[in-house]
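Listed below, chain by chain, are the residues.
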Amino acid sequence: MSFSTDKIKIERIKTDFLIIGAGAAGCFAAYEARKLNPDIDIVILEKAHIDRSGCLAAGINAINAYINAGQSPESFLEYVKKDSMDLIREDLVYSIAKEVNHAVDLLEEWGLPIPKDENGERYARGRGSIIVQGERIKPIIAQAVKSTKAKVLNRVVVTNLIKKGNKILGAYGFGVRDGKFYIVEAKATLVATGGAGGIYKPNNEGNARHKIWYSPFNTGAGYAIGIRAGAEMTTFEMRYVSMRIKDLMAPTGAVAQGVKAQQVNALGERYLEDRYGDLGGRQMPTSARLLATLQENAEGRGPCYLDTTHLTKEQAERLKAYYLHMTPGLTLYWSVKSTSPKNDPPEIVGTEPYIVGGHAQAGYWIDINRKATLENLYAAGDVAGGAPKKYVSGSGVEGMIAARDINSKLGSLNHEEINDHEIKEEMHRVFNHMNKESISILPDELELRMQKIMDDYAGGISSGYVLNEQKLSKARKYIKHLKEDSKYLYGNNLHELMKCHEVIDRLDVATVLIEHLSYRKETRWPIYQSRGDYPNRDDKNWLKFVNSVYDNKSGEVKIVERECKPVSLLATK
Amino acid sequence: MGILIDQNSCNGCGFPESETPCNMACPGDLIFMQSNGKAEICCNADCWDCCACIKICPQQAIELQLPFEITGKEGSLKARAYREKTVWTARDANGNEEIFETPARNESSLKNLINPEEFSDVVDSYKGISKSFTDLGQGI
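The listed protein sequences derive, respectively, from chains A and B.
Reading the first sequence from the start, the letters are residues 1 to 573 in my numbering.
Reading the second sequence from the start, the letters are residues 1 to 140 in my numbering.
Bear in mind the hints are in silico, worked out from the structure with no lab data behind them.
What you are looking at is a predicted structure, and each value in this text was computed from that prediction instead of being measured.
Do not rely on the hints blindly, as some may be mistaken.
The following residues of chain A were derived to be distant from chain B, with all beta-carbon distances above 10 Å [as the list claims (entries may be wrong)]:
1. Glu74
2. Glu299
3. Asn414
4. Glu437
5. Leu543
Using 25 Å as the maximum straight-line C-alpha spacing, the simulated DSS-like pairs for lysine-lysine come out as follows [what the hints assert, rightly or not]:
6. Lys409(A) - Lys474(A)
7. Lys38(B) - Lys342(A)
8. Lys73(B) - Lys246(A)
9. Lys151(A) - Lys409(A)
10. Lys558(A) - Lys487(A)
11. Lys313(A) - Lys38(B)
12. Lys409(A) - Lys35(A)
13. Lys553(A) - Lys483(A)
14. Lys73(B) - Lys337(A)
15. Lys558(A) - Lys540(A)
16. Lys14(A) - Lys553(A)
17. Lys436(A) - Lys9(A)
18. Lys85(B) - Lys116(A)
19. Lys424(A) - Lys474(A)
20. Lys553(A) - Lys480(A)
21. Lys14(A) - Lys424(A)
22. Lys313(A) - Lys73(B)
23. Lys81(A) - Lys565(A)
Note that the Cβ used here is the ideal one computed from N, Cα and C, for glycine as well.
Please build the complete structure, drawing on both the sequences and the hints.
Structure below.
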């Protein structure tokens, strides 16, 4: 092999506290750590630029985990539990619920505009949601981090955790702008990246392939580094599929909750109440509202809409502008067609499945302090498992909780020597994809193949999200082949090298996901996890967590069951 | 389509001596500098329509366009980020314009904590390296 890593410059950094990913969770962690400890050394690795990275790059128009007047942390917990079919980590969800308002207070203090009524109350959009004017939320959060003097390394792609025995010693990465190999040694490491999109075939194709709800740049790196290091992961099988506005895949909350638009079918019927009372009518869980919509389409009563025809002209214009805070493409979509939500009500469809811990609960198995199953390793936000519906504010809370624990233990944590041979091996694994072999596969090609396999055999859009054992065994076989082929991935520049690793990471996530989907032999979360061969919910046998540990040497996924422990908070209160 | 960078309006923002805002802002690492000193997007199909580059461009040389397969019509969205607000201009296929303003930020309690020069989110002081098309071909 002609390729040599000798030409690669190495940047070696030592720190107390390494944060991987400068999103809500990572930034709040840095802020909290600095608040508690003026001397702690903090390094943040960010794949893009902290000012406009990840899910929040475009902005947001609501914060969806919030305790409004009349609600309480207890009622929040009850709601999340009911919406997640009773299987959640109550301890984690409750700890988030107690602090989401504190996180929002901080955001407001940092400069986020949050409109208020004449009594000075923030506007509730739903029971657990408030309106914000958040186009600039990411630069605002980034500035809070800059005030901490944490060292932010932008444009560094993290490729693996550094592991010795059962301990995590930091992380490896490469600079997508400078081409350097980064070795960051840390006393404690917090994984705070986004979840994984782009595993399944998306709604749109060709030039529109990235008109997707979730950030297409969140490619599961945070999961993948933990999977390869052997950290225990939980509930990947609870995928997240959302009901979104067709074509632009924009969120529906501003329409459904913001202006109280009802779901109607092509005949103008309010089908949730009319036909799906058994699912709970309008009070049904989030996923059931989409299930009912798919059913209406299957029975020939589509398309379905969010009915905005009752809005006044002014309301419709306001709604149109409101999307500039989050999905500006949708505002343009209405403008291009010279129309508004009043005469062109948004059509609703389901997205492709995503693996996320912020909306659903796929992620690291963590304790109440957000410590993962490996020593000195923590997880918060989208990659932390067991606590669905935490969103932006809850992710921030998890970052702060992790930072507190890390700071309190810092005195007893040390750096440790890293094996030179392992460094060489990782450098080779990372940069080898710039070495053109006789056979080469481009990252886009492999991505399309992966998305097709997952769509066809692991419950994508084309199969109505339905899973069965026979199809899953095909998915398992083909993804395994594809993983073997991934050694031929070729990127002729650093941007393409990043894309190579993004596909490799998603293949590792897909590998674990398939085992989770196959293991749970019931249907707990319709749409998110619908088994054609086990169509019913089975609390007697399956009210428990399906966890996994991956063996990077053998490629085997070991499944572990964990008990679901209700923390009877309401009873003890 | 994702974005269109008007090659006549783009002045390169002093590249290669300084970091260019659009190149800095893109969350997908999609914007590159060409040998003529002007910015271009490497793969429009990868664009997420987040508008980070559009809002930050001092020349207002960038606009959002939707793929024809989605709208069947042309049109564009431009934006300019000011400190307290963002001003948007949406244009339909017939050239009719709609203008919107969105509030961006309030005064921050952090203002005494950090250097005011670091406080501009319109063009932040990122000291990284802008990537050029020549880098694209070279690999390592």
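Hint check results:
{"no.": "1", "hint": "Glu74", "result": "holds (31 Å)"}
{"no.": "2", "hint": "Glu299", "result": "holds (27 Å)"}
{"no.": "3", "hint": "Asn414", "result": "holds (31 Å)"}
{"no.": "4", "hint": "Glu437", "result": "holds (14 Å)"}
{"no.": "5", "hint": "Leu543", "result": "holds (38 Å)"}
{"no.": "6", "hint": "Lys409(A) - Lys474(A)", "result": "violated (46 Å)"}
{"no.": "7", "hint": "Lys38(B) - Lys342(A)", "result": "violated (41 Å)"}
{"no.": "8", "hint": "Lys73(B) - Lys246(A)", "result": "holds (17 Å)"}
{"no.": "9", "hint": "Lys151(A) - Lys409(A)", "result": "holds (21 Å)"}
{"no.": "10", "hint": "Lys558(A) - Lys487(A)", "result": "holds (24 Å)"}
{"no.": "11", "hint": "Lys313(A) - Lys38(B)", "result": "violated (42 Å)"}
{"no.": "12", "hint": "Lys409(A) - Lys35(A)", "result": "holds (16 Å)"}
{"no.": "13", "hint": "Lys553(A) - Lys483(A)", "result": "holds (13 Å)"}
{"no.": "14", "hint": "Lys73(B) - Lys337(A)", "result": "holds (7 Å)"}
{"no.": "15", "hint": "Lys558(A) - Lys540(A)", "result": "holds (23 Å)"}
{"no.": "16", "hint": "Lys14(A) - Lys553(A)", "result": "violated (28 Å)"}
{"no.": "17", "hint": "Lys436(A) - Lys9(A)", "result": "holds (21 Å)"}
{"no.": "18", "hint": "Lys85(B) - Lys116(A)", "result": "holds (18 Å)"}
{"no.": "19", "hint": "Lys424(A) - Lys474(A)", "result": "violated (36 Å)"}
{"no.": "20", "hint": "Lys553(A) - Lys480(A)", "result": "holds (14 Å)"}
{"no.": "21", "hint": "Lys14(A) - Lys424(A)", "result": "holds (18 Å)"}
{"no.": "22", "hint": "Lys313(A) - Lys73(B)", "result": "holds (23 Å)"}
{"no.": "23", "hint": "Lys81(A) - Lys565(A)", "result": "holds (12 Å)"}
In this structure, the hints that do not hold are numbers 6, 7, 11, 16, 19, in rising order.
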